[in-house]
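S.K.: Single-letter residue listing:
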Amino acid sequence: MNNIDLKKARAVTGAEAVANAMRQIEPHVVAAYPITPQTPIVEYFAKFVSDGVVRTEMIPVESEHSAMSAVVGAAATGARAMTATSANGLALMHEVVYIAASSRLPIVMPVVNRALSGPINIHCDHSDAMAERDSGWVQFYAESNQEAYDLTILSLKLAEDESVRLPVMVSLDGFILSHGVEPVEFLPDEVVKEFIGEPKMIYPLLDTEHPVTYGPLDLYDYYFEHKRQQVEAMENAKKVFPKVAEEFYKVSGRKYDFVEPYKLDDAEYVMVALGSTNSTIKYVVDWMREEGFKVGALKVWMFRPFPKAQIQKYLNGRKGVVVLDRSASFGAEAPLYEAVKSALYNVAIRPQMGSYVYGLGGRDILPEHIRKAFEDALSGNLIADEQRYLGLRE
Amino acid sequence: MPVKYLEIRWHGRAGQGAKSAAQMLAESALEKGKFVQAFPEYGAERTGAPMKAYNRIGDQPILVRAVIEKPDIVIVIDDTLLSSDLISGLDEKEGTLLVNTVRDFSWIRNKTNFKGKICKVSATDIALQEIGRGVPNTVMLGALVKITNVVPLEAIEKRIEKMFLSKFGEDIVAKNKKALKRGFEEVECEEV
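Same order as they appear, the protein sequences are chains L and H. Residue 18 in the working numbering sits at position 18 of the first sequence, with consecutive numbering throughout. Whatever position you read off the second sequence (first residue = 1), add 1000 for the working numbering.
To be clear, the hints were calculated from the coordinates, so they are not data collected in a lab. Misleading hints may appear alongside valid ones.
Said to hold, decoys possible - Sample of chain H residues with no beta-carbon within 10 Å of chain L, all distances over it, derived: (1) GLU1027; (2) LYS1115; (3) SER1122; (4) VAL1135; (5) PRO1152.
Said to hold, decoys possible - Heads up, simulated DMTMM-like pairs for lysine to aspartate or glutamate below, C-alpha to C-alpha not over 20 Å straight-line: (6) LYS1004/H - GLU291/L; (7) LYS1004/H - ASP51/L; (8) LYS1167/H - GLU43/L; (9) LYS1004/H - ASP286/L; (10) LYS8/L - GLU1031/H; (11) LYS372/L - GLU1031/H; (12) LYS1070/H - GLU368/L; (13) LYS8/L - ASP1059/H; (14) LYS1070/H - ASP364/L; (15) LYS1162/H - GLU185/L; (16) LYS7/L - GLU1154/H; (17) LYS1004/H - GLU368/L; (18) LYS7/L - GLU1069/H; (19) LYS1032/H - GLU368/L; (20) LYS1167/H - ASP51/L; (21) LYS7/L - GLU1191/H; (22) LYS1146/H - GLU1191/H; (23) LYS1032/H - GLU185/L.
Cβ atoms here follow ideal geometry from the backbone N, Cα and C, with glycine treated the same way.
Work the whole structure out from these sequences, hints included.
M.R.: Here's what the structure looks like:
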């Protein structure tokens, strides 16, 4: 776990932390739909623009579909372009989210994770980001406001790497992080600016000496080859990420990786999850460790590309693995569970596995719920093909 | 449980400043070297709707992100919200109920059936007299500091300066400080 120096920290919401990262990045263009389901990220950033703190061209658009379209257009010219969104806003972008990835545009987009309608719900779950998991974007999930800030900066460098050139979503849990206040240590502006450097223009649309086209017709003759290149770019993201994380560590002292093990050395039972719930899981691990139970946690920082090798390394040979999902995949296994289970197909010693869906539409997840799932594992009561629920009335 | 944090649950109506008060408390405690957390609970957002805000304060990183079900302190900014449900989870031996009201202790006890420590302060009246607006949150912070010593009064005063000085000027800062101090001085408690 990364420590925070309280003397250097400020108490801010996740939205303010991310907006501050965007201020330091100072993109050439930010396009955003300015009302609900938008979050305070864009509100803070719009203030930076109107106060003249940044020189960003801010484009308030009439829908999220247009926001992503404007950002795609800007990024194709070689500009650094960002937006932020949440829930149904992301769903409305869906079509253009795929276009951003297939056009290999290094757009970084913070996503405040909130439930998709219907019924109407504004609270946290991962159904919005999970609906985009096959879109070709790199996806990170932040546990804390500090991570949401750090990952926004780190993502920019990963996205713009020449061998990657992919858009990145930085997911932060709605309300729990976006509206929750906690200490965050900001880097000095000049450190961020030096870390991200100047953007490299690759095939810019406005270079009329070297004309290029974006988004052309691409039928059965080449479409397949282009998709194959996207697969390769994702593999490259896996190769480049550790280098970017190392460079970030040098300037910040904070370590990032594909996954974060917590008290795993001798752990027999391990819980796997995305996002802010990892904090409460660590609390329960500490609590149960005090009572002598060999439990631990594995936080998944990067969900796309999926860090299969790291999952295998940390989970091979454990007695039980419990996976928590904050979204459902109706008619199939929950997304994180499915991915972890599939990764463990080939390990030498497969653990018992259990799938737990929790927290849909902002339903609270209490330490007692997490303990219950661990206790199922400890008593050998995990069934790989059964989906269970935490905090649900049945 | 491995770590114990000081846990506070605020009840108010949207627009009464519970969220800002929770944030101001978190900022003040951070400046005093504490780990902090402040977060609101939103329903449908509209002025006047009942809402909650939460604080956790501790000497170690705060890991629990759930809402606070067993608070050490319940703060009620609007006494029309008082009921026995409102104070759920508040321990009668260890817990404290702090209420903004002009009414007496027996009225609060009747409304809540709470048998533990109750503190009260006429925060809206004080806010009207000192700030000229019925926003009682700074007064409530003063009262909270008196009964818990969670941060020194000057830490909140410093936050008031940081938040209001450049935006509203010295006059508003002085008025808020006065309101804070009166909350500190005028809060009364009753233990049964």
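S.K.: So, for every hint listed, does it hold in this structure?
M.R.: Evaluation of the provided hints:
At roughly 5 Å from the closest C-beta of chain L, the C-beta of GLU1027/H falls inside 10 Å, breaking its exclusion from the interface. No beta-carbon of chain L comes within 10 Å of the beta-carbon of LYS1115/H; the shortest separation is about 26 Å. Every beta carbon of chain L lies more than 10 Å from that of SER1122/H, the smallest distance being close to 28 Å; the non-interface claim holds. Every C-beta of chain L lies more than 10 Å from that of VAL1135/H, the closest at about 19 Å, which supports listing it as non-interface.
Listed as a non-interface residue, PRO1152/H keeps its Cβ farther than 10 Å from every Cβ of chain L; the least gap is roughly 17 Å. A C-alpha spacing of about 16 Å is found between LYS1004/H and GLU291/L, which places the hinted pair at or below 20 Å, so the restraint holds. Restraint check for LYS1004/H and ASP51/L: not satisfied, since their Cα atoms lie roughly 42 Å apart, outside the 20 Å limit. Of the supplied pair hints, the one linking LYS1167/H and GLU43/L holds, its CA atoms being roughly 18 Å apart against a limit of 20 Å.
Distance check on the hinted pair: LYS1004/H and ASP286/L sit about 12 Å apart at the alpha-carbon level, within 20 Å; holds. Straight-line distance between C-alpha atoms of LYS8/L and GLU1031/H comes to about 10 Å, which keeps the hinted pair within the 20 Å bound. Taking the CA atoms of LYS372/L and GLU1031/H, the gap is about 37 Å. The hint is violated against a cut of 20 Å. For the given pair, LYS1070/H sits about 13 Å from GLU368/L by alpha-carbon distance, which is consistent with the 20 Å threshold.
Between LYS8/L and ASP1059/H the CA atoms are separated by roughly 16 Å; this keeps the pair inside 20 Å, and the hint holds. With a C-alpha separation of about 14 Å, the suggested pair LYS1070/H and ASP364/L falls inside the 20 Å cut-off, and the hint holds. Between LYS1162/H and GLU185/L the alpha-carbon distance is near 19 Å, which keeps this suggested pair within the 20 Å criterion. For the hint pairing LYS7/L with GLU1154/H, the CA-to-CA distance comes to about 18 Å; that is within 20 Å, so the pair holds.
Among the hinted pairs, LYS1004/H with GLU368/L is consistent with the structure: their alpha-carbon atoms are about 15 Å apart, no more than 20 Å. Of the pairs offered as hints, the one joining LYS7/L and GLU1069/H is violated, with about 30 Å between alpha carbons and a cut-off of 20 Å exceeded. Taken as a hint, the LYS1032/H and GLU368/L pair is broken in the structure, with Cα atoms around 31 Å apart against an allowance of 20 Å. For the given pair, LYS1167/H sits about 14 Å from ASP51/L by alpha-carbon distance, which is consistent with the 20 Å threshold.
Taking the CA atoms of LYS7/L and GLU1191/H, the gap is about 38 Å. The hint is violated against a cut of 20 Å. Proposed proximity of LYS1146/H and GLU1191/H is supported: the alpha carbons are some 15 Å apart, at most 20 Å. For the hint linking LYS1032/H to GLU185/L, the alpha-carbon distance of about 16 Å falls within 20 Å, and the restraint holds.
Hints 1, 7, 11, 18, 19, 21 from the list above are not met by this structure, while the remaining hints are.
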